[in-house]
Amino acid sequence: MPLLEESSLPRDCTRTVPVVIIGNGPSGICLSYLLSGYTPYLDAMAVHPNPILFHKLQEAKQLPITEQDLEYLSEGLEGRSGNPVAVLFDTLLHPNADLGFEYPSVLQWRLEKKHHIPHLVLGKATPGGAWHAMEGSMLTISLGLWMELPGVNYRDLSPGKRRGVSNDRATPEEISSYYKNYVKLMGLQKNFVDNTYVTSVHKLHRSHENSLGNEKGTVNGQMNGVKNGFDYCNMNGTENGQNGVLNGFSNESQNVMENNSRRGEIGEDEDEDKRGKGGVRESIWVSQELSQGLWEVRGYQQLHGDTHIPFSLFAENVVLATGASDSPVRLGVEGEDLPYVFHNVHDLGVAVSCHGNLGPTSDPVLIVGAGLSAADAVLCALNQRVSVLHAFRKRVDDPDLIFKQLPKTLYPEYHRVYHMMCSHAYPASPVANPTASSPSLFADYTSFPEHCVLSFQPDMHCMIRGFNGVLRALKVSMVLVLIGTYPNLFFVKEQGQYLGLDPSRPISCRQNPIDINPYTFECNAEPGLFAMGPLVGDNFVRFLKGGALGIASCLLRRLKQRMKKNRKLIAEDGGCGGRGRVGSGGGGFV
Numbered sequence: 186m187p188l189l190e191e192s193s194l195p196r197d198c199t200r201t202v203p204v205v206i207i208g209n210g211p212s213g214i215c216l217s218y219l220l221s222g223y224t225p226y227l228d229a230m231a232v233h234p235n236p237i238l239f240h241k242l243q244e245a246k247q248l249p250i251t252e253q254d255l256e257y258l259s260e261g262l263e264g265r266s267g268n269p270v271a272v273l274f275d276t277l278l279h280p281n282a283d284l285g286f287e288y289p290s291v292l293q294w295r296l297e298k299k300h301h302i303p304h305l306v307l308g309k310a311t312p313g314g315a316w317h318a319m320e321g322s323m324l325t326i327s328l329g330l331w332m333e334l335p336g337v338n339y340r341d342l343s344p345g346k347r348r349g350v351s352n353d354r355a356t357p358e359e360i361s362s363y364y365k366n367y368v369k370l371m372g373l374q375k376n377f378v379d380n381t382y383v384t385s386v387h388k389l390h391r392s393h394e395n396s397l398g399n400e401k402g403t404v405n406g407q408m409n410g411v412k413n414g415f416d417y418c419n420m421n422g423t424e425n426g427q428n429g430v431l432n433g434f435s436n437e438s439q440n441v442m443e444n445n446s447r448r449g450e451i452g453e454d455e456d457e458d459k460r461g462k463g464g465v466r467e468s469i470w471v472s473q474e475l476s477q478g479l480w481e482v483r484g485y486q487q488l489h490g491d492t493h494i495p496f497s498l499f500a501e502n503v504v505l506a507t508g509a510s511d512s513p514v515r516l517g518v519e520g521e522d523l524p525y526v527f528h529n530v531h532d533l534g535v536a537v538s539c540h541g542n543l544g545p546t547s548d549p550v551l552i553v554g555a556g557l558s559a560a561d562a563v564l565c566a567l568n569q570r571v572s573v574l575h576a577f578r579k580r581v582d583d584p585d586l587i588f589k590q591l592p593k594t595l596y597p598e599y600h601r602v603y604h605m606m607c608s609h610a611y612p613a614s615p616v617a618n619p620t621a622s623s624p625s626l627f628a629d630y631t632s633f634p635e636h637c638v639l640s641f642q643p644d645m646h647c648m649i650r651g652f653n654g655v656l657r658a659l660k661v662s663m664v665l666v667l668i669g670t671y672p673n674l675f676f677v678k679e680q681g682q683y684l685g686l687d688p689s690r691p692i693s694c695r696q697n698p699i700d701i702n703p704y705t706f707e708c709n710a711e712p713g714l715f716a717m718g719p720l721v722g723d724n725f726v727r728f729l730k731g732g733a734l735g736i737a738s739c740l741l742r743r744l745k746q747r748m749k750k751n752r753k754l755i756a757e758d759g760g761c762g763g764r765g766r767v768g769s770g771g772g773g774f775v
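With my numbering applied, the sequence shown covers 186 to 775.
Please keep in mind that the hints were generated in silico from the structure rather than gathered at the bench.
Warning: the hint list may mix true and false statements.
[To be verified] Okay, derived cross-link-like pairs now, EDC-like style, lysine to aspartate or glutamate, Cα gap no bigger than 16 Å in a straight line: (1) K388 - E481; (2) K241 - D254; (3) K660 - D629; (4) K241 - D228; (5) K660 - D548; (6) K388 - E711; (7) K678 - E711; (8) K299 - E252; (9) K745 - D254.
Can you make the complete structure from the sequences, with help from the hints?
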């Protein structure tokens with residue numbers, strides 16, 4: 186996908202949004218749900234099985250969870266996430282799930298206009314993120330009900346899909362359909378702009394902000410036309426542009442923004458006089474935020490065919506919700522760029538079904554890696570009667586192997602692979618003996634534990650080395666290197682590396698996640714920038730929802746503080762006074 190030159194977009198053709206979410210997978214969808222005004226309260230009829238947590242919830246049961254002290258509520262809870270708010274939200278949605286219970290959620294959701302925060306969700310495809318691109322025949326690691334988002338039961342949208350009490354997992358096709366339908370059912374479409382590719386996110390420093398203001402006379406002049414956080418730029422020459430594109434977005438996307446801005450008013454400002462005061466409050470917000478710094482988000486939207494339309498947004502807050510599957514981890518060895526070496530399970534399915542290059546009579550497929558993606562590739566190849574060579578660094582009895590953490594009753598297919606890894610291992614000679622005949626490979630599958638890849642050769646041979654130093658050359662038809670993925674944050678300064686727990690290393694969802702405040706999910710290195718999901722170590726949908734709770738709670742708290750401060754300033758000014766009015770709607774924001 187070609188990147189647009191940033192100079193192709195006029196600097197004054199921008200709009201301002203309170204929150205821009207980059208990524209439209211389950212992380213972005215869940216956060217959009219909360220920012221749209223859906224508010225969690227303790228269900229008056231519910232009893233949480235954790236008596237300590239239930240007592241805490243009872244102390245402020247009249248308040249929504251987003252207005253309570255998340256640190257206090259999270260204290261003492263344990264779960265399979267390192268982020269305390271993720272564990273808290275999970276136990277509210279699925280009490281005692283790790284103990285095998287299916288207790289109902291203790292939360293009641295109410296749609297409250299006053300908690301709505303205007304925002305945009307930018308995604309490369311339709312809502313659902315990477316789930317649309319996953320192999321359709323596989324089953325999810327998590328149970329289907331753990332993949333669901335607040336407010337809509339997964340089984341209600343997947344009737345007849347349940348596979349049994351002991352195995353209620355789902356296919357990626359079912360999950361992607363659920364997320365796409367969820368957005369429609371919850372009325373979130375107005376927040377989503379599909380087929381958008383972000384190419385740059387950077388913070389505007391004071392000198393940039395001043396130049397933006399000077400271009401149009403004053404700060405208020407630059408923000409003229411702002412409605413609840415949106416800036417409608419000069420439309421001359423663009424309104425009648427190609428394919429009806431308006432200000433860098435298609436007409437459909439422009440309607441998304443206009444509808445979103447009309448919903449940005451705060452529910453408590455209903456009469457005309459209060460709306461006038463809201464205009465002053467908004468003016469104060471604009472000048473304050475320009476002094477504190479805004480984010481500029483640039484990119485392009487792909488329309489029908491090869492049409493790419495550039496866009497630019499100003500945002501007070503940016504949320505990174507891009508997931509972790511953008512860039513595969515590479516071995517960094519000779520020949521890794523040869524045309525028979527791939528880094529995605531999907532490529533194996535394409536080779537089998539479309540090209541006809543692989544089959545029972547072809548040379549084996551070499552699969553490198555000992556994780557679930559590698560196991561999926563093994564299963565896919567064997568199902569197509571393609572023989573497999575499987576090389577990995579770890580011992581078969583390594584306690585860190587993922588297979589040892591999966592119950593056999595729920596994951597029989599992965600334990601089948603693990604059994605073969607143990608029982609079909611290539612014999613390891615203690616000393617290399619050139620005169621001895623090499624052991625033969627197993628017919629369908631042979632594993633090479635404690636082996637590393639040295640190189641790939643143009644003649645379709647792969648050189649591997651065992652723990653004892655013995656070298657082996659394997660003739661293959663295809664290679665799949667499946668040793669993990671990195672998030673691709675190329676659009677952030679230093680590719681986001683400075684945001685990590687260890688700024689000297691690239692961002693890695695397991696080894697070096699983004700360093701955040703554990704209760705607000707705001708990046709410690711960059712105020713106004715938030716991260717959630719795999720970027721902060723929450724690789725399961727079940728736990729990434731906690732990021733949405735933390736971020737929404739933080740933004741709503743700042744909104745409340747801003748409104749209180751602005752009301753005080755308005756009172757000191759003796760009412761609206763006509764000073765700095767920028768519109769007639771309420772909606773001062775964080």
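Status of the hints after comparison with the structure:
no.	hint	result
1	K388 - E481	holds, 6 Å
2	K241 - D254	holds, 10 Å
3	K660 - D629	holds, 15 Å
4	K241 - D228	holds, 14 Å
5	K660 - D548	holds, 7 Å
6	K388 - E711	holds, 9 Å
7	K678 - E711	holds, 11 Å
8	K299 - E252	holds, 13 Å
9	K745 - D254	holds, 15 Å
Hint compliance for this structure: every hint is met.
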